[in-house]
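Produce the entire structure from the sequences given, and follow the hints as far as they go.
Chains as they are written, first to last, in UniProt numbering: chain A, 1 to 581; chain B, 1 to 581.
Read the hints as simulated data drawn from the structure, not as lab findings.
Don't take every hint at face value.
Same chains, same names: a pair is fine if it fits in one copy or spans any two.
[As the list claims (entries may be wrong)] Taking lysine-lysine pairs in the DSS-like style, the calculated list, with each CA pair at most 25 Å apart, reads:
1. 174 / 78
2. 354 / 64
3. 174 / 497
4. 354 / 505
5. 505 / 174
6. 421 / 78
7. 174 / 359
8. 154 / 435
9. 335 / 242
10. 573 / 335
No experiment lies behind these values; they were computed from the predicted model shown.
Here are the chains, one letter per residue:
Protein chains: 2
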Amino acid sequence: MALLRLTPLCLLVHLCCFVLFVSSVLGAKARHFEWEIEYMYGAPDCLENVVMGINGQFPGPTIKARAGDTVVVHLTNKLHTEGVVIHWHGIRQLGTPWADGTASISQCAINPGETFVYRFKVDKAGTYFYHGHYGMQRSAGLYGLLIVDVEEGKKELFQYDGEFNLLLSDWWHKGVHEQEVDLSANPMRWIGEPQSLLINGRGQYNCSLAAAHNSKGSGLPGCKFRGNEGCAPNILHVMPNKTYRLRVASTTALASLNLAIGNHKMLMVEADGNYLEPFWVNDFDIYSGESYSVVFRTDQNPANNYWISVGVRGRQPRTPQALAILHYQTTTASKLPTLAPPETPLWNDYARSKSFSNKIRALSGSPTPPRINHRRIFLLNTQNRIDGYTKWAINNVSLTLPPTPYLGAIKHGFSNAFDQKSPPDTYLNTYDIMKPPSNPNSTYGNGVYMLKFNTTIDVILQNANALNANVSEIHPWHLHGHDFWVLGYGEGKFSKKDIGKFNLKNPPLRNTAVIFPYGWTALRFVTDNPGVWAFHCHIEPHLHMGMGVVFAEGVHLVGNIPNEALSCGLTGKMLMSKPHN
Amino acid sequence: MALLRLTPLCLLVHLCCFVLFVSSVLGAKARHFEWEIEYMYGAPDCLENVVMGINGQFPGPTIKARAGDTVVVHLTNKLHTEGVVIHWHGIRQLGTPWADGTASISQCAINPGETFVYRFKVDKAGTYFYHGHYGMQRSAGLYGLLIVDVEEGKKELFQYDGEFNLLLSDWWHKGVHEQEVDLSANPMRWIGEPQSLLINGRGQYNCSLAAAHNSKGSGLPGCKFRGNEGCAPNILHVMPNKTYRLRVASTTALASLNLAIGNHKMLMVEADGNYLEPFWVNDFDIYSGESYSVVFRTDQNPANNYWISVGVRGRQPRTPQALAILHYQTTTASKLPTLAPPETPLWNDYARSKSFSNKIRALSGSPTPPRINHRRIFLLNTQNRIDGYTKWAINNVSLTLPPTPYLGAIKHGFSNAFDQKSPPDTYLNTYDIMKPPSNPNSTYGNGVYMLKFNTTIDVILQNANALNANVSEIHPWHLHGHDFWVLGYGEGKFSKKDIGKFNLKNPPLRNTAVIFPYGWTALRFVTDNPGVWAFHCHIEPHLHMGMGVVFAEGVHLVGNIPNEALSCGLTGKMLMSKPHN
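Written out as structure tokens, the structure is:
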């Protein structure tokens with residue numbers, strides 16, 4: 001293409017060197033942060049609302065570190081009555097499973113007024129983020145970016161002149177406490193589509209930055225800004241003919257997104273902290289829980305500015321695009337782009353989505369999966385009812401988290417802390433995934449998949465029809481404590497013959513992978529990280545409605561769990577039952 | 001009066017016997033309750049809203065017991081991310097200070113998913129209630145009645161043919177989480193007057209049951225009910241020419257109230273679980289935290305029904321009266337009263353309010369206060385600013401509760417759990433209570449008034465001007481763990497000469513007493529109940545903004561505090577620090 005003056009080759013100058021660095025102790029730092037979490041007023045989409053802030057900021061501060069560093073976050077809960085935790089999404093917590101920040105799984109929620117110290121190593125460069133993992137506090141705005149650069153003295157595999165970070169989220173005007181009541185009600189009240197999409201916590205409700213381009217007509221009036229509003233658009237200031245890295249992460253509660261930069265092609269280079277075999281795109285899909293790095297060259301007319309557009313895919317969009325501005329510093333920042341914002345591809349063009357997902361391959365030289373798996377777990381995703389309540393279930397079990405976190409419960413042998421019966425490894429082979437469940441009743445459960453340490457596990461995520469006919473939704477599944485290889489995506493019900501089609505050559509390593517409507521996704525990982533790890537749909541209301549499972553591996557190898565992570569439930573009782581004065 | 005065919009004498013047939021019973025073990029029961037707390041949808045004032053419910057009920061279930069019984073409530077927290085406690089308002093918790101249900105004071109909040117067992121003796125007959133005491137959960141609807149009858153086989157001091165209970169509250173459409181953010185914001189955002197007053201959790205927003213009597217014009221249209229709505233009015237079904245006991249308790253977040261029954265005089269007989277020297281009223285004031293029993297005779301035209309009206313006093317009312325119907329069963333319940341509802345006295349007729357308060361005397365034969373006090377504590381109530389935040393302060397200290405509850409902290413000697421310096425016993429004697437504070441800056445604090453065990457304490461609550469000129473508000477102060485004698489009310493600044501005017505002959509025993517604008521109120525109590533006890537303004541937002549103090553007495557005499565009450569903060573750390581596997 002004429003627009004493209006850049007080849008992958010000239011960007012990826014270091015490709016020939018091996019992509020995995022051994023973390024060097026030299027130069028590694030402990031990076032300390034003191035954070036206080038509280039509710040505050042903000043106006044994420046220009047409409048005033050209560051948001052969850054960290055040190056008065058929404059989104060929370062961006063953590064910047066280098067591979068090998070130790071991040072130490074002293075987190076103080078300044079909420080009035082609520083506990084809180086923070087999950088470091090994409091960080092595998094090697095050796096520190098109690099720092100994973102998942103309430104009921106890795107630790108007890110931090111009580112109001114108390115401080116918990118998260119201390120963990122960021123062993124691998126990449127684009128990560130953090131977020132609340134208790135109730136629906138992520139939806140309330142408890143999130144921020146965690147950027148890990150390559151080690152001091154090492155060079156990134158690709159060169160760039162500047163870097164921008166975009167954290168994508170979606171926003172509702174209704175508070176999360178009420179959303180929780182809605183989702184738990186009988187009949188369930190669906191929270192609906194978000195009012196706004198946010199880029200770095202900024203969106204514009206009921207107005208459009210691109211009103212001048214409204215030929216297709218959002219019908220929204222233009223936004224008026226003095227420029228200092230917290231909801232004013234993000235502006236990425238660039239110089240012409242330079243190369244920039246754009247780090248993009250999605251912490252949406254619901255929306256699957258697509259991002260494009262007007263006139264600029266992007267080279268996909270990183271996903272979830274792992275290098276990709278680079279490929280060019282005009283736009284890319286990003287599901288909740290995913291992150292990408294792209295590089296692009298500012299090779300367009302430097303007298304213009306360009307829109308960066310983010311729109312909804314996978315659900316009928318009722319939310320306008322979020323927009324940011326790529327500003328060539330050769331012109332004025334306030335000059336609106338002359339071209340209309342890039343259109344988001346049709347929401348239900350799943351063929352296009354799948355085509356993109358299938359292009360994602362690990363960079364040559366990346367670790368490849370073991371050839372053989374030891375166990376294969378099939379996880380059927382269904383929408384169900386329990387006593388009239390609408391739930392999501394996996395193999396007919398809807399996850400309800402217990403008051404005693406699993407990590408401590410298993411480590412200390414509390415057999416009454418959760419269902420001791422393992423949830424099923426598969427589902428009835430007569431199940432018709434194309435129809436609403438013939439028996440929609442499922443059960444609550446909180447059993448654990450006990451995985452043998454240092455074995456290779458395949459998970460086949462199987463999508464199905466929801467309760468209503470002709471509905472099957474997208475679910476991005478996120479695994480804690482691990483990256484997994486995405487061996488493949490398929491249509492319909494997984495069958496043995498699909499195993500032969502697995503990509504064992506260059507499957508991408510990810511921590512999040514989507515299942516498409518009526519389709520399956522095959523994942524492989526090695527149980528080499530002692531701990532208890534959530535594996536769940538990253539759509540916040542779906543998790544709230546039970547859409548997750550729990551994996552445990554090598555818990556006997558876990559070191560001393562800090563008491564602070566054990567202070568609730570049965571582990572708290574145990575620790576306190578020692579005689580005292 | 002012609003309407004009155006009843007004398008105190010004929011009601012109080014047992015007045016001659018001594019009013020205090022020694023609790024008999026014979027017949028005493030343990031009364032067990034299993035409660036689950038969660039948010040749910042309700043429509044307290046016909047407008048749908050989220051309320052805090054117990055076992056799916058709002059208000060919570062009424063506990064009925066007899067003096068000497070042990071109440072055992074197994075309280076399970078089914079909230080998603082919030083802790084919870086329940087305070088048993090008016091129950092002194094003799095020997096069980098850890099069951100007082102005040103977060104940060106008597107116990108750690110109960111974590112989501114966990115169960116705490118409240119076990120306490122209701123030693124004294126009376127009209128009590130219970131409510132949340134964490135954040136603003138009381139405002140969210142976490143409350144209910146606790147009715148203690150005289151012991152089995154004993155007779156009440158007055159006779160009646162039937163009994164009704166009215167729990168009064170006020171209701172906002174804005175959720176409490178947002179209210180908390182409002183009150184904590186800089187600048188503070190006042191929550192305003194309640195949208196509705198509720199009687200037993202029922203009110204009517206934007207309509208009036210008494211629309212037909214709108215001569216003075218609320219302007220509201222009539223309410224339309226099929227009759228089964230949760231917000232349909234309370235109807236008290238009575239037979240003519242009988243005597244009824246009406247138990248009334250107020251758990252309002254803000255409103256001071258006045259209650260009247262059309263055409264019916266009432267005889268005041270009980271306040272806060274203590275007998276009164278009976279006196280007749282046409283209406284009575286009731287402040288948040290107070291309870292009363294009145295008796296009345298159904299001696300009016302039995303072909304009519306009569307309004308029970310509850311209206312706002314002490315603040316300019318912006319909330320319509322709450323109404324209930326006294327239904328003579330000789331007519332139909334749906335027949336609306338022919339007379340207009342009783343008017344609530346002028347909100348700022350404080351002379352009337354004071355006159356009522358001054359009529360309240362202990363029933364002859366009640367315990368009288370010790371003649372001499374050992375310590376006198378002056379508590380100046382002021383509105384202040386701290387770093388621009390609007391707060392309420394006592395002797396210039398605004399209470400911020402610590403993460404380690406005081407009871408455990410003091411019992412186990414944690415000197416770093418709270419400010420070790422005692423807050424001041426008095427304030428500058430040059431302070432001008434008639435003007436806004438000349439230095440409005442106060443400090444945060446969480447020190448404790450350490451009271452010598454078995455001594456007599458006088459507290460002089462001193463009201464003052466708030467931040468704005470010519471504003472002094474009503475504050476009903478509630479003491480945990482005790483009843484106190486109300487020795488007197490006075491105008492202006494308390495001075496030594498006022499001591500001589502104390503009523504030591506028949507002061508009423510209460511657990512809540514109001515201070516009037518620019519006035520003082522003198523209380524006396526004996527520190528005979530080992531524990532740590534909150535003493536605070538019962539207006540929920542005022543407490544939230546720091547309007548309280550903490551008293552500790554004889555904590556060395558407190559028995560073993562259950563671990564479940566100690567599982568947070570420093571006591572939790574201590575208990576967990578014992579070696580374990």
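Outcome of the hint check:
1. 174 / 78: both (22 Å within a copy, 21 Å between copies)
2. 354 / 64: neither (33 Å within a copy, 63 Å between copies)
3. 174 / 497: So residue 174 and residue 497 fail the 25 Å test inside a copy (47 Å) and across (57 Å) alike.
4. 354 / 505: within (19 Å within a copy, 87 Å between copies)
5. 505 / 174: Classified as neither; 46 Å inside a copy, 57 Å across copies.
6. 421 / 78: Cα proximity of residue 421 and residue 78: across copies only (24 Å, versus 38 Å in one copy).
7. 174 / 359: Neither way: residue 174 and residue 359 sit 38 Å apart in one copy and 49 Å across, limit 25 Å.
8. 154 / 435: For residue 154 and residue 435, neither the intra-copy (53 Å) nor the inter-copy (68 Å) Cα distance is at most 25 Å.
9. 335 / 242: within (20 Å within a copy, 83 Å between copies)
10. 573 / 335: So residue 573 and residue 335 fail the 25 Å test inside a copy (63 Å) and across (58 Å) alike.
Going through the hint list in order, the structure does not satisfy hints 2, 3, 5, 7, 8 and 10.
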